[in-house]
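Asker: Given the coordinates of chain R, assemble chain D onto it according to the supplied hints.
Residues per chain, in single letters:
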Amino acid sequence: MAEPKRVERPLSPFMIGPYYRPQMTSISSILTRITGHALVAGALLGVWWLLAAATSEAYFQTANAVATSWFGDLVFTGSLWAVWYHYLAGLRHLYFDAGKGLDIPTAEKLGWACIIGSVVLTVITILLVQ
Amino acid sequence: MRYLTPRKRAEGRGAAHAGTEHHWSMTVSAVGLAFLVPVWLYVFGKTLGQPRDVVLETFASPFPAILTALVLVVGMRHFAMGATTMIEDYARGTTRKMLIIFVISLSWVIAATGLFALARMAL
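Protein sequences appear in the order of chains R and D.
Numbering-wise, numbering that gives the first Met the number 0 puts 72 at position 73 of the first sequence, and it's gapless, one number per residue.
Numbering-wise, numbering that gives the first Met the number 0 puts 108 at position 109 of the second sequence, and it's gapless, one number per residue.
Simulated from the structure, these hints should not be mistaken for laboratory data.
As the structure is a prediction and not an experimental result, all values here were calculated from the model.
Derived list of chain D stretches under chain R, where covered just means 3 residues or more per stretch with a C-beta under 8 Å from a C-beta of chain R:
| # | stretch |
| --- | --- |
| 1 | 54-67 |
| 2 | 75-87 |
| 3 | 107-114 |
Rough simulated footprint, nothing fancy, chain R against chain D, three-plus residues with beta-carbon under 8 Å:
| # | stretch |
| --- | --- |
| 4 | 19-33 |
| 5 | 40-49 |
For each label pair, taking beta carbons as the anchor points, the in silico distance ranges come out as:
| # | chain 1 | residue 1 | chain 2 | residue 2 | range |
| --- | --- | --- | --- | --- | --- |
| 6 | D | W23 | R | A57 | 39 to 49 Å |
| 7 | R | S55 | D | H22 | 42 to 52 Å |
| 8 | R | V65 | D | R8 | 49 to 59 Å |
Just so you know, even glycine gets a beta-carbon here, dropped at the ideal spot from N, CA and C.
Chain R with its partners taken away, still in its complex shape (with noise of 0.2 Å):
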C-alpha cells in the first residue's frame, strides 16, 4: 500500500554565503533574477504616467510631477540599469543555451561583460535621451 505519508522535499536553497563562496558566476545570475523583478517598479511607474497622459492635463501634472521628481529619477535610473543589465545577461543566457561560453574563465568574463556593460550603456542612455 503506498503511505499517505507527504513526503517535504526542499525548495531551491539559498547557496551562496554558507555553503558556496561567492563568485562572478552565481552572484551575474542571481543578479539577472533581480533585476528582472525590480524592473515591475519601472513598469508600474511608467504605466501610471501613461495613463496620466492620457486622462487629463490635472491628472498628468500629478504623474509627472512624481515621475521627474528625485523619486521618479531614482526608480527610472534604477530601472533604466536593471534593464541593461537583465539585457546583456539574457543575451549571455541565449549564448549559454547554444553551448558555447560555458568554461569557467569565458564565464567569468562574461559576467564582468554584464555588470561593466550594463554600467557604461546606463550612461550612454542618459546621455542620449538628455
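Answerer: Leaving out everything else, chain D in the frame of chain R:
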C-alpha cells in the same frame, strides 16, 4: 498502434514531458525584447519630462505607439513567466498558487492599463 516512435514523442520535451515550452517561450520573448527594448528606451527617455502635448503627440504617432504596445505585451508576458519560475523555486502549496495568480494578474493589469492609455492617446 502508435505511428510515432518513442524517440519522436520524447524529443525536445525533457523528462517531465512539459516545461520546455516555458523555456522556449522565454527564449522567443527574450529575442523579441532584445530588438524592441533599446529603441523603446530611446523613445520613452526622450518623451519623459516633456510637456503633455508633446507626450500626446509622440504616442499618437504609429511607431512609438506600436513599439510601446509590443514592449508592454511581450515584456509583461516575459515578466509573468519569469516571476512564476521564481515563485516555484521559493514558495510551495497555497502560497505558491496565490503568488503565481497575483503576478500573472498584475502583469495583465499593467499591460491592459498601458494599452488603454495608448489607445486613448493614439485614437
